[in-house]
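Q: Work out the full structure: start from the sequences and follow the hints.
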Amino acid sequence: MDLYEYQGKELLRQHGLATLPGRVAETPEEAREAAEEIGGTVAVKAQVLTGGRGKAGGIKVVSSPEEAQSAAEQILGMDIKGHTVRRVYIEGGAEIATEMYLSVLVDREAKKSLVLFSTEGGVEIEQVAEENPDALVRLHIDPLVGLMPYQVREVTFASGLTGDSAKQFGKAFQNLYKTFESVDASLVEINPLVVTESGDVLALDAKVTVDNSSLYRHKDIAELHDVEAADPQEQRAQEADLQYVKLDGNVGILGNGAGLVMSTLDVVAQAGGSPANFCDVGGGADADKIATALDIVTSNEKVTGVFFNIFGGITRGDEVAKGLLSAIEKTNISLPIVVRLDGTNAEEGREILAENTPENVHTAETMLEAARMAVELSGKGGN
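Counting in UniProt numbering, the sequence shown runs from 1 upward without gaps.
Cβ pair distances, simulated, as ranges:
{"#": "1", "residue 1": "Glu-95", "residue 2": "Asp-134", "range": "26 to 32 Å"}
{"#": "2", "residue 1": "Asp-211", "residue 2": "Glu-95", "range": "35 to 41 Å"}
{"#": "3", "residue 1": "Ala-269", "residue 2": "Thr-196", "range": "43 to 49 Å"}
{"#": "4", "residue 1": "Glu-197", "residue 2": "Pro-232", "range": "44 to 50 Å"}
{"#": "5", "residue 1": "Lys-302", "residue 2": "Gly-40", "range": "42 to 48 Å"}
{"#": "6", "residue 1": "Glu-95", "residue 2": "Gly-259", "range": "48 to 54 Å"}
{"#": "7", "residue 1": "Val-245", "residue 2": "Ala-354", "range": "30 to 36 Å"}
{"#": "8", "residue 1": "Asp-134", "residue 2": "Asp-241", "range": "45 to 51 Å"}
{"#": "9", "residue 1": "Gly-259", "residue 2": "Lys-171", "range": "37 to 43 Å"}
{"#": "10", "residue 1": "Lys-302", "residue 2": "Thr-196", "range": "43 to 49 Å"}
{"#": "11", "residue 1": "Gly-343", "residue 2": "Gln-235", "range": "28 to 34 Å"}
{"#": "12", "residue 1": "Asp-79", "residue 2": "Ala-222", "range": "23 to 29 Å"}
{"#": "13", "residue 1": "Asn-332", "residue 2": "Leu-187", "range": "38 to 44 Å"}
Derived pair list, reagent style DSS-like, types lysine-lysine, alpha-carbon separation capped at 30 Å:
{"#": "14", "residue 1": "Lys-246", "residue 2": "Lys-289"}
{"#": "15", "residue 1": "Lys-246", "residue 2": "Lys-55"}
{"#": "16", "residue 1": "Lys-81", "residue 2": "Lys-60"}
{"#": "17", "residue 1": "Lys-207", "residue 2": "Lys-246"}
For the record, the hints were derived by calculation from the structure and aren't laboratory data. As the structure is a prediction and not an experimental result, all values here were calculated from the model. Each residue gets a CB set at the ideal place from its N, CA and C atoms; glycine is no exception.
A: The structure is reproduced here in structure tokens:
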């Protein structure tokens, strides 16, 4: 679950990181009041769950409450990469001497936490990695051991800071990792982490992503979920206890098991197609759950065909076939659907589909054959 900047900063503050004073505003009038309360130069910052807001005009620095109100009028309602701005964050100004980048994320391949640090903050870290890789420090942290003092010293030395600023940086690094661990985050990022002219170290931005699987342990964070901003398909899938991630393609994907679905995405891409989603219906899915999953997948306007890939284990092939036919009947889907059944009772399942198949349902015995058929029937570009 992604958090807005103002929510992420509140978490950082709770764990000892220093930030500038700020207030959330949902109307231009509230923005003016916030600017009056903070005083001096303020930044009016769009609150959206995506990057690139600065380039899109979603951040404006103003010097008076009236200008803050005018800036909020321009930013509220703005569309930034498909996200509508419904709140702005009014934040105090600072005299910045140095901008840096600091983050902690989960490195799933290494099965460790990964610290990324760069003295080049305020720009996209991918750009730094590509154009100046020597400016990027990578440091793995063993989760069984935690952040060690020598690692704090290593990154602090890389920052080039001295004196009290170096001490503040080291403390900020420790507190950032403490935030990462305590909220079960998959990413905590500060870009930029700044040093002011007076030598103070402050977090000027905050990007926090919390592992959804841990939210039962963090009721307070779960309550921060913004239902209005959520993708409608992903929101419905969450309510139906389905694992669903929206992608940019046109071939809808359903399967039973995360590994199988991931393989299906790869095979569709290999066949020249573009997956529209990841959707795992789980083991033992009944007709109602399959119907819900199909309805969610096909409610995406980009989807022009569906690939249903099932391996019978806990879920027997004949039961899947019956559930699928019942689901198609309930949802009245007319898009082409390609079904590949394998595993327990797969032959019986294919026979059931062959005897009762609607015109828009097609079967295939192998995953590659099914993927090619799904791509062909869906159209590579969705046209």
